[in-house]
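What follows is the residue order along each chain.
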Amino acid sequence: MRLTSLNYQIIKLVFGLLFVTATAILITVWTKNTEHAQAQLQRDLLISENVFQQLLSSRETQLFNSANILVSDFGFKQAIASQDKGTIDSVLVNHGERIGANTMAVISLNGNIIATTNPAISDSTFSTQTQLLNETINNGGMTSLMVFDNKLYQVIMLTVDAPTPIALTLLGFEIDQALLNQLKSITQMETTVSVEIANSAPLVISTLDHARQIDALANVNKDISWFEMNLFKKSTLVSQQFILSKQENKVIYVTLTENMSKIFSEFNQLQVSITLIALISILLALIFALILSRQLSKPLSLLSKVASKISGGEYQTVAIADIKLTEVKKLSDAFDVMQTNIQARESKIIHLAHHDLLTQLSNRFDIQQRLNDKLAQPQSFQVVGINIKDFRSLNDVFGYHNGDFCLQELAKRIEKLGGLAARLTGGELLWLPEHDQSLTALNDIKHQLEHPIVTPDVTIKPKLALGILSCPTDASSAEVLFKRMNIVLDESQLTKSMVLEYHPLLEERYVRKLAVVTELKQVLATENDELALFYQPKLTIADNKILNVEALIRWQNKQLGFVSPEEFITLAEQSGIIEQVTLWVINQAIDDAIKLREAGITICIAINLSAQDILNKQLLPYINDRLTEHKLPVTTLSFEITESDILNDPLLAIAQMSNYRNHGFSLAIDDFGTGYSSLEYLKNLPVSALKVDKSFVLNLAEQTSDQSIVQTVIKLAHEFNLSVIAEGVENEASLALLKQWQCEFAQGYFISRPIPLSDLLIWHQAHTQHQWI
Amino acid sequence: MLAKYGLLIFLSCLIPTCHAENWIRVQDQFGHPIENAVVSQLIPATAVNTATTEDSPIMDQINKQFNPHVLIINKGQQVSFPNSDDIRHHVYSFSDTKPFEIKLYKGRKGQPIAFDKSGIVVLGCNIHDQMIGYIYVAENENAALTDKNGMVNLTHPATTINVWHPRLSAQSNLRETFELEPLEKADYSTITLTLSTPKAIGKKKKFKPKKFGVDKD
Chain A
3 MRLTSLNYQI
13 IKLVFGLLFV
23 TATAILITVW
33 TKNTEHAQAQ
43 LQRDLLISEN
53 VFQQLLSSRE
63 TQLFNSANIL
73 VSDFGFKQAI
83 ASQDKGTIDS
93 VLVNHGERIG
103 ANTMAVISLN
113 GNIIATTNPA
123 ISDSTFSTQT
133 QLLNETINNG
143 GMTSLMVFDN
153 KLYQVIMLTV
163 DAPTPIALTL
173 LGFEIDQALL
183 NQLKSITQME
193 TTVSVEIANS
203 APLVISTLDH
213 ARQIDALANV
223 NKDISWFEMN
233 LFKKSTLVSQ
243 QFILSKQENK
253 VIYVTLTENM
263 SKIFSEFNQL
273 QVSITLIALI
283 SILLALIFAL
293 ILSRQLSKPL
303 SLLSKVASKI
313 SGGEYQTVAI
323 ADIKLTEVKK
333 LSDAFDVMQT
343 NIQARESKII
353 HLAHHDLLTQ
363 LSNRFDIQQR
373 LNDKLAQPQS
383 FQVVGINIKD
393 FRSLNDVFGY
403 HNGDFCLQEL
413 AKRIEKLGGL
423 AARLTGGELL
433 WLPEHDQSLT
443 ALNDIKHQLE
453 HPIVTPDVTI
463 KPKLALGILS
473 CPTDASSAEV
483 LFKRMNIVLD
493 ESQLTKSMVL
503 EYHPLLEERY
513 VRKLAVVTEL
523 KQVLATENDE
533 LALFYQPKLT
543 IADNKILNVE
553 ALIRWQNKQL
563 GFVSPEEFIT
573 LAEQSGIIEQ
583 VTLWVINQAI
593 DDAIKLREAG
603 ITICIAINLS
613 AQDILNKQLL
623 PYINDRLTEH
633 KLPVTTLSFE
643 ITESDILNDP
653 LLAIAQMSNY
663 RNHGFSLAID
673 DFGTGYSSLE
683 YLKNLPVSAL
693 KVDKSFVLNL
703 AEQTSDQSIV
713 QTVIKLAHEF
723 NLSVIAEGVE
733 NEASLALLKQ
743 WQCEFAQGYF
753 ISRPIPLSDL
763 LIWHQAHTQH
773 QWI
Chain B
11 MLAKYGLLIF
21 LSCLIPTCHA
31 ENWIRVQDQF
41 GHPIENAVVS
51 QLIPATAVNT
61 ATTEDSPIMD
71 QINKQFNPHV
81 LIINKGQQVS
91 FPNSDDIRHH
101 VYSFSDTKPF
111 EIKLYKGRKG
121 QPIAFDKSGI
131 VVLGCNIHDQ
141 MIGYIYVAEN
151 ENAALTDKNG
161 MVNLTHPATT
171 INVWHPRLSA
181 QSNLRETFEL
191 EPLEKADYST
201 ITLTLSTPKA
211 IGKKKKFKPK
221 KFGVDKD
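Chains as they are written, first to last, in the numbering used here: chain A, 3 to 775; chain B, 11 to 227.
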């Protein structure tokens, strides 16, 4: 839709309304006036016609009375009876003058003229009109309109009775213009009498001049039209005609004519007045519309400017002077309120955008900017990362509301320290002290912060880990800072140092871990031959036989080179891919066991299981399936479990281990002596052997303390009906001691290094008969 | 008055040659009996009862009317015009038979007027237009007036008769002649006259403007 301005719309509306109204009034007035004029004219004409008739009739009566006096005169009768022509003539003249008759005549009963004052009347005038004469004699008289000598007469004919009719007297009164003028003065109508005589030119008597007579006769009985009269300047005469008399040879018409300009002149004045009023109204309305639209549009356009400023974030007082309209004032006030509200809401949004909803500290986005700003400055500064240890378990145990409370309380405590504080995510906070703090001071602060937090429900003792970065030395951007802070905090928790300063090595280690995990995933997925199983034989000391080997994983990566199992197994456990590694080991071990059996070697392969492996309930059925598939007995495999792994969740671990033993697998505790060995657990563990950690065995021959430990462990194991595997046997002396102490198995470089399967096949062949001691 | 008519008829019947009855009924075109019509037959001059001619008939004026309305006299008789009203009358006649005028008079007997010519004399009064009377001057005629039943007895057999009545013509001077059929069944002969409508003589003339204005019906 096309847009138009308010001014234009208002003016258009006002002008249109007034124009339509004025036009409607004009048309109505036109129509009504024309109708009225028509009706009035009809009425006037009808009245005039009646008046005209009445006038002629009363004139007739008057004429009759005058004539009657004449014919009643005895002398007149006598003169006629005595045929005294001289007397008759003189009486006619005398009486004619007395009563104002223009024409007089005495006619015998058979139509002959006895005497006349009008030479146009002769014997031939009435001689043929026998019937007219007889009727006149019978009726005593008659009136008629007659034409003598091209003049119209109102004629009275009366009998002269003596006492029976002896003659007829004719009295004629001319209908001339003077009479019509007299009639006009009464009827107020132009009057035209026209006589149409057969075979003769019509006779016209009129109050109008010749030209207007023709006009009047041409406009007989036509409709009046204001438009035609005023716009086309047509004749303003309107006529009504009626027949006054119709005789054998002539018709007499009376035409009454009204000049419409008289009727319309007032009407025209009215039209002019209405048009003038309409024009003035339109002019006034336009002026008022202009004023109104100015009062409306000026503040509106100002307000629209203000609105666009507000949309640009430029807030100012809406100050429009000269507001005269309440609505505009309200709008302006509403703008003010709206602006204030928008401003308030905007600052709230900005606050929310920069602050953490829970702690009201700066959020990560905000602190990132601030850090970048600070990093742009030449001054160095210290950043302390504070991590609530196991924040997730805290939430799990005490509920989120307590976790939140804890966070809020911590935030308050940190804020009190001054400087700048922010919450990065979860239980991770960042603190920028005003001044660099020493490690000692930070330890104190840590203790301060770790004060028990009393929530309405519970008292929580938060455990915190602190990581310290010195900027810009340790980080040149916020992004790097966050990354390194994560590393140092992780490290702080992993190493349990709890307050740790960043060192580039930390990141290197982190990068290495990342690379190892990535590569390991790759290797497991692609099944290339980077991974390999090496086997270290276990000597059964009493029999001098090799019946067991321990499977040890080896990984030679093309990028990382040799990666120690300690490193990548730990990382696999941390990154949750240990299960895949274990499955690979089991499958590989089964494949190798098949090859060994094919080579005629029956040997039990011991596989190391992590705590996660033990707790994985799908693993045991899988192993069973694999063995069944290859028709291998359960003695093909045995498992070694690190003592510390069991201690994480002893009950479940023991239950799972019992499942393995119930299926016929033998289990050994690996690295025995390094953990917090509990005799209580040892009593209940479903294992058949203990594996003494190699740290006790490596220098067994030289270290008497080790000898005491190992001897005690062996004795203890035997007390529990467990056999003992000594790991790290590197010389014959150690082996001799072990044999002396009745240790069941020995494993170490003295017997063999871990070797690949192919070497094992050869080695086994070579050492079948070997006398180890 | 009737006694005098009766006397006249009676006297007529005294004529030796005449003892027969000849009844005639005169009616108008609508069958209504016509009174005061004069029915006459020509008779030889010798048969005229000259005795009666010697009398002086009277045309009295009573209540502004001529009395009798129609008077039959024989040519040469003199008629007296006494005035029985206590107002004056001005009796005149413009008839060719006997124009005369008796100027304003009251009560006097006056000089009788002789009617030397036969015919109809129409009498008027110049003061009272409604007064109109007729004198029928007969010559060698046996004339009689019809009664209110239109009946008249001519006493003599007749085949040709004349009948006069004022309304036979506008000027009241017209007589009509009728041939009588012999009577077979009826007791009288019937004569039908065509009369004009009675004119209100002396009253204001009534006419409608026949040729004036348009007939609205």
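Please note that the accuracy of each hint is not assured.
[Unchecked claim] In silico DMTMM-like links for lysine to aspartate or glutamate, alpha-carbon gap of 20 Å or less:
#1 A:Lys619 <-> A:Asp651
#2 A:Lys741 <-> A:Asp545
#3 B:Lys113 <-> A:Asp651
#4 A:Lys376 <-> A:Glu436
#5 A:Lys448 <-> A:Asp459
#6 A:Lys498 <-> A:Asp446
#7 B:Lys108 <-> A:Asp86
#8 A:Lys87 <-> B:Asp106
#9 A:Lys391 <-> A:Glu436
[What the hints assert, rightly or not] Computed footprint of chain B on chain A, listed as stretches where at least three residues anywhere in the stretch have a Cβ under 8 Å from a Cβ of chain B:
#10 77 to 84
#11 557 to 565
Keep in mind that the hints were calculated from the coordinates and are not lab data. Ideal Cβ placement from N, Cα and C applies to all residues, glycine included.
Quick rundown of the hints versus the structure:
For the suggested pair Lys619 of chain A and Asp651 of chain A, the alpha carbons sit about 14 Å apart, so the restraint of at most 20 Å is met. With a CA separation close to 11 Å, the supplied pair Lys741 of chain A and Asp545 of chain A stays within the 20 Å bound. Under the criterion of a C-alpha separation no larger than 20 Å, the hint pairing Lys113 of chain B with Asp651 of chain A is inconsistent with the structure, at around 183 Å. Under the criterion of a C-alpha separation no larger than 20 Å, the hint pairing Lys376 of chain A with Glu436 of chain A is consistent with the structure, at around 12 Å.
Between the alpha carbons of Lys448 of chain A and Asp459 of chain A the distance comes to roughly 24 Å, so the proposed pair goes past 20 Å and is violated. This hinted pair checks out: Lys498 of chain A and Asp446 of chain A have alpha carbons roughly 17 Å apart, not beyond 20 Å. A threshold of 20 Å between alpha carbons decides the hint, and for Lys108 of chain B with Asp86 of chain A the separation of about 18 Å falls inside it, so the pair holds. For the given pair, Lys87 of chain A sits about 18 Å from Asp106 of chain B by alpha-carbon distance, which is consistent with the 20 Å threshold.
Proposed proximity of Lys391 of chain A and Glu436 of chain A is contradicted: the alpha carbons are some 25 Å apart, above 20 Å. Remark: the stretch 77 to 84 of chain A is confirmed as covered by chain B, as 4 of its residues place a Cβ nearer than 8 Å to a Cβ of that chain, reaching the required three. For the stretch 557 to 565 of chain A, the proposed coverage by chain B is not satisfied: 0 residues have a C-beta within less than 8 Å of a C-beta in that chain, short of the threshold of three.
Of the numbered hints stated above, those contradicted by the structure are hints 3, 5, 9, 11, listed in ascending order.
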